[in-house]
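*Asks:* If you're matching them up, the sequences are chains X and C in order.
Taking my numbering, the leading residue of the first sequence gets 29, the next gets one more, and so forth.
Taking my numbering, the leading residue of the second sequence gets 29, the next gets one more, and so forth.
Everything labelled a hint here was simulated from the structure, so no lab data went into it.
One should not assume that every hint holds.
Remember, identical chains collapse to one label, so a pair may be satisfied in a single copy or spanning two.
Straight-line alpha carbon distances no greater than 20 angstroms define the calculated PhoX-like cross-link-like pairs of lysine-lysine that follow [unchecked claim]:
id	residue 1	residue 2
1	Lys317	Lys165
2	Lys114	Lys37
3	Lys193	Lys165
Next come the chains, spelled out residue by residue.
2 protein chains.
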Amino acid sequence: MTNLSPSDKALVPFVSVDNMMKLVHHIGIEEMLTGLADYIEADFKRWELFDKTPRIASHSAEGVIELMPTSDGEVYGFKYVNGHPKNTRDGLQTVTAFGLLADVGTGYPVLLSEMTVLTALRTAATSAMVARHLAPKGADTMAMIGAGAQSEFQSLAMKAICGVKNIRLYDIDPAASAKAARNLSGMGLSVTVADTREDAMQGAQIITTCTADKQYATILTDNMVGSGVHINAIGGDCPGKTELAPAILHRSDIFVEFPPQTRIEGEIQQLAEDHPVTEMWQVINGTAKGRTRADQITLFDSVGFAIEDFSALRYVRDQIKGTEMYHDLDLLADPDDPRDLFGMVQRAKG
Amino acid sequence: MTNLSPSDKALVPFVSVDNMMKLVHHIGIEEMLTGLADYIEADFKRWELFDKTPRIASHSAEGVIELMPTSDGEVYGFKYVNGHPKNTRDGLQTVTAFGLLADVGTGYPVLLSEMTVLTALRTAATSAMVARHLAPKGADTMAMIGAGAQSEFQSLAMKAICGVKNIRLYDIDPAASAKAARNLSGMGLSVTVADTREDAMQGAQIITTCTADKQYATILTDNMVGSGVHINAIGGDCPGKTELAPAILHRSDIFVEFPPQTRIEGEIQQLAEDHPVTEMWQVINGTAKGRTRADQITLFDSVGFAIEDFSALRYVRDQIKGTEMYHDLDLLADPDDPRDLFGMVQRAKG
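Build the full structure now, drawing on both the sequences and the hints.
*Replies:* Following this line, the structure appears as structure tokens:
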């Protein structure tokens with residue numbers, strides 16, 4: 029008699045939003061950010077062997093839906109992510125995401141996971157991992173410009189991975205700053221809510237910009253930025269959306285993830301197409317220089333890249349082993365005899 | 029107090045393999061094939077308004093993993109599908125698949141579904157829908173060359189949609205023919221197992237080829253094919269894999285799904301790049317001619333296209349409403365305040 033229950037191979041571990049949040053608390057949020065940063069750094073080190081397809085975008089008047097695939101030759105991964113700025117008007121998220129890993133050798137999926145929470149974690153882990161390489165030595169104060177959904181993750185990642193102790197928050201909406209300050213209280217950081225951007229920048233060696241304006245904005249003007257700082261520019265992440273005055277870019281050494289994507293989506297869309305940039309993976313594997321002078325401005329023009337999602341899914345896959353923080357999804361048909369799919373369907377009757 | 033359970037908007041209906049099989053039996057397999065054919069035909073009629081991205085393939089030594097996205101401007105869909113011929117050696121499926129629909133206006137996924145079973149159904153439904161347009165009038169006998177996983181679905185679809193009464197099965201492996209004949213018994217078809225391909229073709233007005241050879245094979249030679257038949261060529265569906273002798277192609281009027289894809293993957297990869305073909309959607313909406321003469325050989329060079337998967341997912345989405353044949357997946361994070369993702373994570377603690 030044919031066994032009607034799917035075999036182990038046909039079941040795909042699934043991490044729901046609820047289980048992702050349980051996993052965060054099981055591991056500890058700072059430990060998870062650190063773990064993610066280590067996985068991302070490890071994948072940046074072997075950057076060259078990845079299949080780096082550009083993301084596949086489906087644009088509409090309301091927004092964009094993207095598939096971001098990559099592969100290291102053994103494991104394949106992709107992320108589904110949307111961006112719909114007007115969603116918040118209807119009480120929906122601007123961005124939602126989920127992701128999948130599959131075995132390259134068999135094509136069988138091996139992990140399906142929510143990625144709204146996970147993307148927030150990997151974005152912060154990437155920022156802090158990069159700051160660990162580029163920020164001035166002894167940096168302990170970060171200006172956090174924009175107190176939206178990413179701000180607390182950025183703050184905790186910079187604490188856990190770079191040793192930041194002081195966060196100086198600024199947002200045009202005081203309620204957002206108050207929300208972030210409240211969320212960060214009791215987490216071992218000294219948090220100051222600043223009245224102005226200039227005030228937020230006082231004494232900061234790291235400046236993170238993460239605002240939501242969908243246009244060419246000038247969140248930082250040239251005169252606000254002193255020498256020797258590290259700028260972690262997160263918010264300029266799609267065509268037509270930037271945060272920094274061009275003069276700052278001209279004073280900075282610019283580090284990016286994947287130049288073909290950053291030139292379209294990042295701060296450097298404001299610059300000439302051949303403006304020199306350094307690929308971050310080369311700094312990490314030692315083939316390019318990072319910070320070379322104390323008075324240098326380093327700028328990480330971050331837009332998010334598929335390999336970071338791949339690293340994050342890899343981390344989750346390793347962490348859920350032996351836990352109950354996933355359940356098995358009956359996603360793949362698995363007849364005993366591959367030629368007898370019809371028989372499998374028929375035997376399921378009644 | 030924040031409600032920790034996800035909102036309706038954050039839950040995505042998921043159709044497992046088990047539920048897909050239940051749905052097949054709930055609807056009835058012939059009724060489902062007919063319903064799918066109607067949805068596919070409706071989408072062929074409005075072919076021009078679809079976003080027809082080529083599939084995005086990640087190739088490896090062992091096989092391929094593909095993402096097949098499309099959109100009609102209101103709904104977005106994609107299918108994940110792998111092809112790993114050596115999988116059967118290890119007791120795994122050559123092809124597994126799943127798919128997703130999302131709302132273009134919000135980017136929110138609205139359906140996640142297994143598609144291994146569903147792809148088998150939609151492939152057969154597409155074949156029969158096309159045969160309804162191209163096969164000679166009164167066709168009641170089909171030669172089924174290749175008795176693999178697709179053969180029973182093809183046979184039942186041709187019965188339900190085109191009125192076929194007799195199936196003449198041939199496979200190089202008699203065990204495969206016996207399996208298909210056994211599965212089709214008691215289903216209102218007269219099934220004959222033929223000893224040779226020539227024998228299978230006796231009296232058949234429709235010839236379906238669906239074999240698994242991953243090479244340029246000659247399943248049908250020129251002398252086997254009489255005038256006036258309709259050939260439904262399913263098996264030639266990737267570069268380097270064909271089933272028909274080129275001479276047959278030269279005697280036939282050839283109908284295809286999406287020429288840029290069929291020229292790479294279909295039988296016509298054996299022909300000149302500018303060999304004339306007719307796009308099937310134009311036959312269906314009346315802007316191109318189908319069968320014009322009784323002695324004409326019509327050939328549907330089918331490779332499978334993203335729009336057929338989209339139609340199939342659309343059908344499933346409509347059919348599961350009000351049933352219990354899906355469950356809600358907690359795939360999307362949905363904080364009360366979109367800026368307070370961190371707070372949502374923190375409140376989930378303990």
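*Asks:* Would you mind marking each hint as holding or not holding in the structure?
*Replies:* Now for the hints, and whether the structure bears them out:
no.: 1; hint: Lys317 - Lys165; in the structure: within (15 angstroms within a copy, 74 angstroms between copies)
no.: 2; hint: Lys114 - Lys37; in the structure: between (41 angstroms within a copy, 16 angstroms between copies)
no.: 3; hint: Lys193 - Lys165; in the structure: within (14 angstroms within a copy, 81 angstroms between copies)
In summary, this structure violates none of the numbered hints.
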